[in-house]
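These protein sequences, in sequence, are chains A and B.
Okay, so the first sequence: first residue is 1030 according to our numbering, each after it adds one.
Okay, so the second sequence: first residue is 187 according to our numbering, each after it adds one.
None of these hints come from the bench; they were simulated from the model.
Computed from a predicted model, the values in this text were never measured in an experiment.
Hints are supplied without guarantee of correctness; some may be wrong.
[To be verified] Taking CB as the label site, the calculated pair distances span:
no. : chain 1 : residue 1 : chain 2 : residue 2 : range
1   : B       : Q451      : A       : I1302     : 20 to 26 Å
2   : A       : R1140     : B       : I483      : 26 to 32 Å
3   : A       : L1169     : B       : V211      : 36 to 42 Å
4   : B       : N264      : A       : F1303     : 48 to 54 Å
5   : B       : V482      : A       : W1083     : 24 to 30 Å
6   : A       : L1222     : B       : N432      : 48 to 54 Å
7   : B       : Q466      : A       : F1043     : 25 to 31 Å
8   : A       : P1134     : B       : R212      : 14 to 20 Å
9   : A       : P1299     : B       : L296      : 28 to 34 Å
10  : B       : C288      : A       : L1050     : 41 to 47 Å
11  : A       : I1046     : B       : D402      : 22 to 28 Å
12  : B       : N432      : A       : S1057     : 24 to 30 Å
[As the list claims (entries may be wrong)] Not close to chain B: a few residues of chain A, all C-beta gaps over 10 Å, as computed:
no. : residue
13  : S1100
14  : F1110
15  : M1145
16  : M1156
17  : G1167
18  : Q1250
19  : L1261
20  : R1262
Don't be surprised by glycine CBs; every beta carbon is placed ideally from N, CA and C.
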Amino acid sequence: MANMNLYSRGDKTFVVINMFLVAIFTLSTLYPFIYITAVSFSSGFPAASGEVVWKPIDLTFAAFQRVLTDSEFWISYRNTFIYTIGGTLTSLAFIIPGAYALSRPHLFGKRFWNLMVAFTMWFNAGMIPFFLNMRDLGLLDSYFGIIIGFAVNGFNLILLRNFFEGIPSSFEEAARMDGANDFQVLWKVYMPLSKPAIATVALFCVVSRWNGFFWAMILLQDENKLPLQVYLRRTIVELTGDEEFVSSALTIPYSVETVTAAIIVCSIIPVLIFYPFIQKYFNKGILLGGVKE
Amino acid sequence: MNATDLHQPKQFAPPSRLIRIKDHVRNHWQLYVMLAPTIIWLITFLYTPMYGLQIAFKDYSLFRGVSGSPWVGFEHFNTLFDNQQFLRALKNTVVISFLSLCFGFPIPILLALMFNEILNQGFKKTAQTIVYLPHFISSVIIAGIVITAFSPSAGIVNTVLEYFGFDSVYFLTRPEWFRPIFIGSSIWQEAGFSSIVFLAAIAGVSPTLYESAVIDGASRWQMMWKITIPSIMSTIIIMLIIRIGNLLEVGFEMIILLYQPATYQTADVINTFIYRQGIQTGNYDLAAAAGLFNAVIAFILVIAANSLAKRYSRTSLW
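For reference, chain A alone in the conformation it holds in the complex:
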């Protein structure tokens, strides 16, 4: 920061108070994660009676054991990977060539095609027509439906188009002189130059796929196709009224709370592993491309 050396003695109180407030905000962001982790490693009874605050009480792995031995958990975990990887690759296969074409000044009907993309960002037919359309297309309850049905996103398309537009056209001209066609210009010149932008779009896709739950909940019936998020929701809803927990709270080493917390911890871990990569890119400010000039 440029003004780092500009700080005078009179500002000490201000700086200290500010740091204190930021620390409080940061801790209150962090606390729910600590709390959930503590609950997940606690025994059922202390967790169910609200004794857990900072650290696990009667440390046990029982909740994790229950979650990790549930075959549905692993099936849903696998499905989430299928949707995330398949969905992201599909999105990129549509978006990269599409954005490149839309960025070319000599594309015939450029204004029209761009307007067609932008209009989908302003006006959305909504949940019901989209659902009925998916049903008419025969894409209910299928892996393919989830992967293809959400492949293109106007925001990502425009973000990448803006990036391609920002690359000087002399690059294309030089490649053309060497006899490259449009595919080769994109593949050999524009894609290597756009790695950070493509990575940003890919990360957006990964995050939204990994976290997506609403449409998966609506479009999928088959339990073997559900992603992790839907499995998590069903578990929370179902466990809350489950006899097994209500009648035998004292005899089993886990409770609704600890099992829910254990699933939450298990589904956050991949995000935490992936997080440093995400950060590397959003610090570059590329994601502001849609907003900034």
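Dock chain B against the given chain A, drawing on the hints supplied.
Same frame as chain A, now just chain B:
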């Protein structure tokens, strides 16, 4: 020089239109191959549902399909505006969006200003890493955390209340608590990440402004008020306009996860109403009418927001 010019045959008279088109197709047909999948996708998955929106004016039957169902004019809209549940959902949508705007909008700005005043880079980086994190966590997990933390017997919130001698409250069944919990959890999730835009704007402020202010003996507090805030005002205004444009987009996925019949009176918004009427009950035409109403208002807001933003920044938002 334009890229196409390179491929034009060298001649003194401009080539005829037909020759130019043939030339363009020969050189650039691949562009259209690249564009086609995206356009076909948009037509199949986004424009076809727009055609399907006509069921808002039809007595839709699954058997007859979109085109075959008979027209009923504005009947569904009349039904909606006589329907107490819909009116309640409309009111809740407006109230929740407005409250989210009032509480959710200033906090990221404040956070960005506070981050900017931190001199210890290690502390700053750690704090930023932590506050951005919840943005990347799914709403199901956030809801799971909220449900656990606010549970009447097990939750930490009630443990704390009881410690200070208050009675425990079953928060998620109380209509008066729904909005604070919903808005609070969305601030917890998004405030940090939303501050990035403002931090980027602050980073763009010219350091010479601060240098000359220091020579004039300004304190950091004064510099924040007199330099930083005025410098990022245009970003603040643009972000505010964007927020207003998306006013109706309350996070209904989160609401579906957190609400229950006991809290419908303060929690039910248009999108959750559509979900129950359409997906769960099967009143597709009525739900589509509610969706169309929502989409038209949203469209007007977005267009208004965009033209306002153009006026302020001479750049549109897309």
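Hints and how they fare:
Checked against the given bound of 20 to 26 Å, the beta carbons of Q451(B) and I1302(A), roughly 42 Å apart, lie outside it. About 27 Å separates the C-beta atoms of R1140(A) and I483(B), a value consistent with the hinted range of 26 to 32 Å. Between L1169(A) and V211(B) the C-beta distance comes to about 40 Å, which sits within the given range of 36 to 42 Å. Distance hint check: the CB atoms of N264(B) and F1303(A) are about 50 Å apart, consistent with the given range 48 to 54 Å.
V482(B) and W1083(A) have their C-beta atoms about 50 Å apart, which leaves the hinted 24 to 30 Å range violated. The hinted range of 48 to 54 Å is not satisfied by L1222(A) and N432(B), whose Cβ atoms lie roughly 32 Å apart. Remark: the range hint 25 to 31 Å for Q466(B) to F1043(A) is contradicted by a beta-carbon distance near 54 Å. Between P1134(A) and R212(B) the CB atoms are about 18 Å apart, so this pair conforms to the stated range of 14 to 20 Å.
At roughly 32 Å, the beta-carbon separation of P1299(A) and L296(B) lies within the given 28 to 34 Å, and the hint holds. Restraint check, C288(B) to L1050(A): a C-beta distance of roughly 20 Å breaks the suggested window 41 to 47 Å. Separated by about 23 Å at the C-beta atoms, I1046(A) and D402(B) satisfy the suggested range of 22 to 28 Å. The given range of 24 to 30 Å is respected by N432(B) and S1057(A), whose C-beta atoms sit roughly 26 Å from each other.
The claim that S1100(A) is not at the interface with chain B holds, since no C-beta of that chain comes within 10 Å of its own (minimum 20 Å). Its beta-carbon lying about 15 Å from the closest one in chain B, F1110(A) satisfies the requirement of being farther than 10 Å from that chain. Once the 10 Å rule is applied to beta carbons, M1145(A) is inconsistent with being away from chain B; the minimum gap is 6 Å. Its beta-carbon lying about 5 Å from the closest one in chain B, M1156(A) breaks the requirement of being farther than 10 Å from that chain.
A cut-off of 10 Å between C-beta atoms confirms that G1167(A) is not in contact with chain B; the least separation is 12 Å. The non-interface label for Q1250(A) is consistent with chain B: the shortest C-beta to C-beta separation is roughly 12 Å, beyond 10 Å. Distance to chain B contradicts L1261(A) as a non-interface residue, since its nearest Cβ pair spans about 5 Å, not more than 10 Å. Not every Cβ of chain B is farther than 10 Å from the Cβ of R1262(A); the closest lies at roughly 5 Å, contradicting the non-interface assignment.
Consistency with the previously given hints fails for numbers 1, 5, 6, 7, 10, 15, 16, 19, 20, ordered from lowest to highest.
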